[in-house]
Every structure is written in C-alpha cells, then in structure tokens.
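Participant: Once you have looked at the hints, place chain B on chain A.
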Amino acid sequence: MTAESVHITSYRTYLWVLIALLFLTFVTITVTWIDLSALTVLVALVIASVKAYIVLTWFMHLKYESSLFRVLVIVVLAIYALVIGLTYFDYLLR
Amino acid sequence: MEEHRDDIGARLGMWIFIFTEILLFGGLFLVYAVMRAGYSADFHQAAHHLNAFIGAVNTLVLLVSSATVAMSITAVQKGDSKKGVILLLVTLVCAGIFLVNKYFEWGHKIHIGLYPGSDLMLTLNHGSVMFFSLYFFMTGLHMLHLVIGAIVLTIAMVKVKSGAITPNKYVLLENGGLYWHLVDLIWIFLFPLLYLIT
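From first to last, the protein sequence lines are chains A and B.
Going by the working numbering, the first sequence opens with residue 335, and the numbers climb by one from there.
Going by the working numbering, the second sequence opens with residue 214, and the numbers climb by one from there.
Source of the hints: derived by calculation from the structure; they are not laboratory data.
Please note: incorrect hints may appear among the correct ones.
[What the hints assert, rightly or not] Only pairs whose alpha carbons sit at most 30 Å apart, straight line, appear in this in silico DSS-like list of lysine-lysine:
| id | chain 1 | residue 1 | chain 2 | residue 2 |
| --- | --- | --- | --- | --- |
| 1 | B | Lys315 | B | Lys296 |
| 2 | A | Lys397 | B | Lys295 |
| 3 | B | Lys374 | A | Lys397 |
| 4 | A | Lys397 | B | Lys382 |
| 5 | B | Lys291 | B | Lys374 |
| 6 | B | Lys296 | B | Lys382 |
| 7 | B | Lys296 | A | Lys397 |
| 8 | B | Lys296 | B | Lys372 |
| 9 | A | Lys397 | B | Lys291 |
| 10 | B | Lys382 | B | Lys315 |
| 11 | B | Lys374 | B | Lys295 |
| 12 | B | Lys372 | B | Lys382 |
| 13 | B | Lys322 | B | Lys374 |
| 14 | B | Lys372 | B | Lys315 |
| 15 | B | Lys374 | B | Lys296 |
| 16 | B | Lys291 | B | Lys372 |
| 17 | B | Lys295 | B | Lys382 |
| 18 | B | Lys372 | A | Lys397 |
[To be verified] The calculated label-pair distances, taken between Cβ atoms and stated as ranges, are:
| id | chain 1 | residue 1 | chain 2 | residue 2 | range |
| --- | --- | --- | --- | --- | --- |
| 19 | A | Arg346 | B | Leu241 | 30 to 38 Å |
| 20 | B | Asp293 | A | Ile418 | 40 to 48 Å |
| 21 | B | Gly222 | A | Ala412 | 21 to 29 Å |
| 22 | B | Asn381 | A | Arg346 | 19 to 27 Å |
| 23 | B | Gly226 | A | Ala354 | 28 to 36 Å |
| 24 | B | Leu243 | A | Leu402 | 26 to 34 Å |
| 25 | B | Gly292 | A | Ile418 | 40 to 48 Å |
| 26 | B | Asp293 | A | Leu416 | 39 to 47 Å |
| 27 | B | His339 | A | Ser401 | 42 to 50 Å |
| 28 | B | Ile368 | A | Ile418 | 33 to 41 Å |
| 29 | A | Arg346 | B | Leu335 | 50 to 58 Å |
| 30 | A | Asp369 | B | Arg218 | 51 to 59 Å |
| 31 | B | Gly251 | A | Arg346 | 43 to 51 Å |
| 32 | A | Leu373 | B | Gly251 | 18 to 26 Å |
Backbone N, C-alpha and C define an ideal beta-carbon position, used for all residues, glycine too.
Next up, chain A with everything else stripped away, as it sits in the complex:
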C-alpha cells in the first residue's frame, strides 16, 4: 500500500455502528408486536435496508474506498431492482 492513503477506522466508530445496528434490530422486532397489516413488510424492508446501508458504508469500508466501488454497488443494486421490476411487470400483465 505504497501510494494510497489508508484510513484507519477507530474502535469507537465501530462500537457506535454496532450499537446502531443492535438498536435497529430491537426496533424491527418490536414493530412486529404492533399490527401494521399491509405496512408490515414495508417497515421490515426499510429497516433492513437502513441496516444494510450502515454495514456497507462502515463495516465494508465503502465510505473510504474510491468512488468506483460505490458506483459499482449502485449499478448492481439498480440491475437487481430492474429484475424485480420486470418480474412484477410480467406478473401484472398475466
């Protein structure tokens, strides 16, 4: 690692990230006790997506990687979203 500058994330940062993730897990469990009917899946997916964003950004170091990595992740997620969209399009038109 000669030319690139290395970012060292502090233990404290990781501890806060862990606390945030544990809190969101607590939230996702407790909201299931409330009956949100149709919104249940949406709420679960939104919380899971926030957790995934936190893991990708801090644990997987995307925050400190070159922007190429972030662009690639967004492209892959866009492709996946497209696949979901096309599948549902197919189902709706049957």
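Facilitator: Relative to chain A, chain B alone:
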C-alpha cells in the same frame, strides 16, 4: 526488492464476487416475494413454526461478529496483532454459537418431521410447503456461506498470529472481512422476512 502488489485490485475482485452472491440470493428473495404475494395467509401461518427468539439471538451474534472482524482490521492496521487475533477469535466463537443455535433449530424441525420431502410436508398446503422449502434452502445456503467465511477468517487469524499478515499487507484479512459482512448482510434481510412475519 519491492514485491508487486495491487490491493485495490484484490478488493475490487472480492467485490465483484460479492456482487454475484448478491444476485444469487437476490434471485431467491425474488422467489420469496412472488410466493409470499401469492400465498400470503399460508406464509403467515407457516412462519408461526419458526422460533423468532433463536432468530433474534443469531442476529445479535452475527452483528457482534461483524463488528469484531471490522475491529480486528483496525488492530492489524495499528500493528496490534495480539488484539487482532483475539478479535478474530471472538468472531469465530460467534460463528460457533450461530451454528449451535441452527443445529437446535433445524434439529427440532427435523425431529417433528418437518423437512423437505418429509411425509408431514406432503400433508401441508402449497404455500406452507413453499415457505418451508425457501426457509431450509435460504438459511441452508446462508449457513454454507457462514462456514466458508469462518474457514477464511481462521486462515487469516493464523496468518495474523504468524506475522504473515502485517500492518502493510493485510488484504486477505480485509477480503475475508468483506465476505463475513456479506454473510451478515444476507441475514439482515432473512431474519425479518422469515422469522418476523407472524
């Protein structure tokens, strides 16, 4: 003489591999979404058989293990290989706890005759069969990834201990960590979608 290395290239390769894994599990999540939309009531009923408590404990265990892997990289970067080894050991213990929980969880289901292809499964309605098939396949595939990740991190731990992974050369640990976080990422979605839909 300076060794030729490309750590960014190595990480990029790992990320491209992770993308294929995301699309692999993504396909399964898509099957789940379509089936759940079609058999909503059956899915809710079948999910009652899953132990949300064990699922929650395994979520906590995986989140802690992800944090300790990330911290072990910090330790290695700072040259504190002793701390790095301890943190990786904590991660591996967490992986062990996860597998023991899974053993009891699956063991109970297999004991009562609930497994793909069993006589009991044949008597269930179509939606329940879909739910349990997806449950066993997705958590099983996830477990396989967890075991592979644990093996990679064991190798990394041995190399940190022997001095083969140094503050200047730790891309194997980084890539092992990335794989471990992927295992965590998949579980983040599996847990609410399988265990918390009752």
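Participant: When the hints from earlier in the document are held up against this structure, which numbers fail?
Facilitator: 10 and 13
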